[in-house]
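S.K.: Sequence:
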Amino acid sequence: MCVRRVTAAYNALGQLELALDSFTAALEVNPSFYVSWRGKVDTLMQLGRFADAVTAITSALALKPDDMALVTKRGFAYLKLGQPEAAIGEYEAAIAAGDASPETKRLLAAAFSQRALELDKADNVAEAERYVAPVCARTRVRMYALACATYA
734 MCVRRVTAAY NALGQLELAL DSFTAALEVN PSFYVSWRGK VDTLMQLGRF ADAVTAITSA
794 LALKPDDMAL VTKRGFAYLK LGQPEAAIGE YEAAIAAGDA SPETKRLLAA AFSQRALELD
854 KADNVAEAER YVAPVCARTR VRMYALACAT YA
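First residue of the sequence shown? That's 734 in this note's numbering, and the numbers climb one at a time after it.
Among the hints, erroneous ones may be present.
What the hints assert, rightly or not - DSBU-like mimics (lysine-lysine), calculated; alpha carbons at most 35 Å apart, straight line:
#1 Lys797 - Lys838
#2 Lys813 - Lys854
#3 Lys838 - Lys813
#4 Lys854 - Lys838
#5 Lys797 - Lys813
What the hints assert, rightly or not - Pair ranges (Cβ atoms, derived):
#6 Thr791 - Val762: 28 to 38 Å
#7 Ala830 - Ser765: 16 to 26 Å
#8 Gly781 - Gly822: 19 to 29 Å
#9 Glu818 - Leu746: 37 to 47 Å
#10 Glu851 - Arg738: 42 to 52 Å
#11 Leu814 - Arg839: 17 to 27 Å
#12 Ala833 - Lys813: 17 to 27 Å
#13 Lys854 - Lys797: 32 to 42 Å
Keep in mind the hints are simulated off the structure, nothing from the lab.
Everything numeric in this text was worked out from a predicted model, so none of it was measured.
Note that the Cβ used here is the ideal one computed from N, Cα and C, for glycine as well.
Construct the entire structure; sequences and hints are all you get.
M.R.: And the structure:
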């Protein structure tokens, strides 16, 4: 039976751990089966297991390095792990590769803002300004206009 169908059924039933087990089993048989890596990544993200998702994404990207959807997912995982600098690198790589989606730009803005807030809390306002300026200049995301005004 097709792994994707089985795991889709598990996902529909809310059995994410069983879905993850299916993807893991499929990858033990064929570690170069890209579809199983994507499924494993999606399931790990749904489970909130972001560190494991980063590892799985890295493995999947070794098979298909031009999958910018995975690059942006890794950026999101880094953001959830509280690693905004790593997230910024992922989103900038996706944008440089041609991903001009508003969602990627919004997430890049969120990563810059998260890093700026960390620096602000540490009373490093000058360094925080360095992270807010790109949000204002490159992404043009309205929800971060207040952050731009704060550091202008």
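S.K.: Is it true that Gly781 and Gly822 lie within 19 to 29 Å of each other by Cβ?
M.R.: Hint holds: Cβ distance 22 Å, inside 19 to 29 Å.
S.K.: Could one say that the CB atoms of Ala830 and Ser765 fall in the range 16 to 26 Å?
M.R.: holds, 23 Å
S.K.: Go ahead and decide if the range 32 to 42 Å is satisfied by the Cβ distance of Lys854 to Lys797.
M.R.: Cβ of Lys854 to Cβ of Lys797: about 38 Å, so the range 32 to 42 Å holds.
S.K.: 42 to 52 Å was suggested as the range; check whether the CB atoms of Glu851 and Arg738 agree with it.
M.R.: For Arg738 against Glu851, whose Cβ atoms are near 43 Å apart, the range 42 to 52 Å holds.
S.K.: Checking one constraint from the list: CA of Lys838 to CA of Lys813, max 35 Å. Satisfied?
M.R.: Judged against 35 Å, a Cα distance of about 16 Å means the pair holds.
S.K.: Are Lys854 and Lys838 close enough, with their CA atoms no more than 35 Å apart?
M.R.: holds, 24 Å
S.K.: For a C-alpha distance cap of 35 Å, please report whether Lys813 and Lys854 respect it.
M.R.: Measuring from Cα to Cα gives roughly 18 Å; hence the hint holds.
S.K.: Go ahead and decide if the range 37 to 47 Å is satisfied by the Cβ distance of Glu818 to Leu746.
M.R.: holds, 38 Å
S.K.: Is the hinted range of 17 to 27 Å satisfied by the C-beta distance from Leu814 to Arg839?
M.R.: With Cβ atoms ~18 Å apart, the hint holds.
S.K.: Holds or violated: Lys797 with Lys813, Cα cutoff 35 Å?
M.R.: Distance of about 24 Å is within 35 Å: holds.
S.K.: Measuring from beta carbon to beta carbon, are Ala833 and Lys813 in 17 to 27 Å?
M.R.: Holds, at about 23 Å.
S.K.: Does the Cβ-Cβ separation between Thr791 and Val762 fall within 28 to 38 Å?
M.R.: Given range 28 to 38 Å: violated, Cβ gap about 20 Å.
Violated hint for the displayed structure: number 6, the only one.
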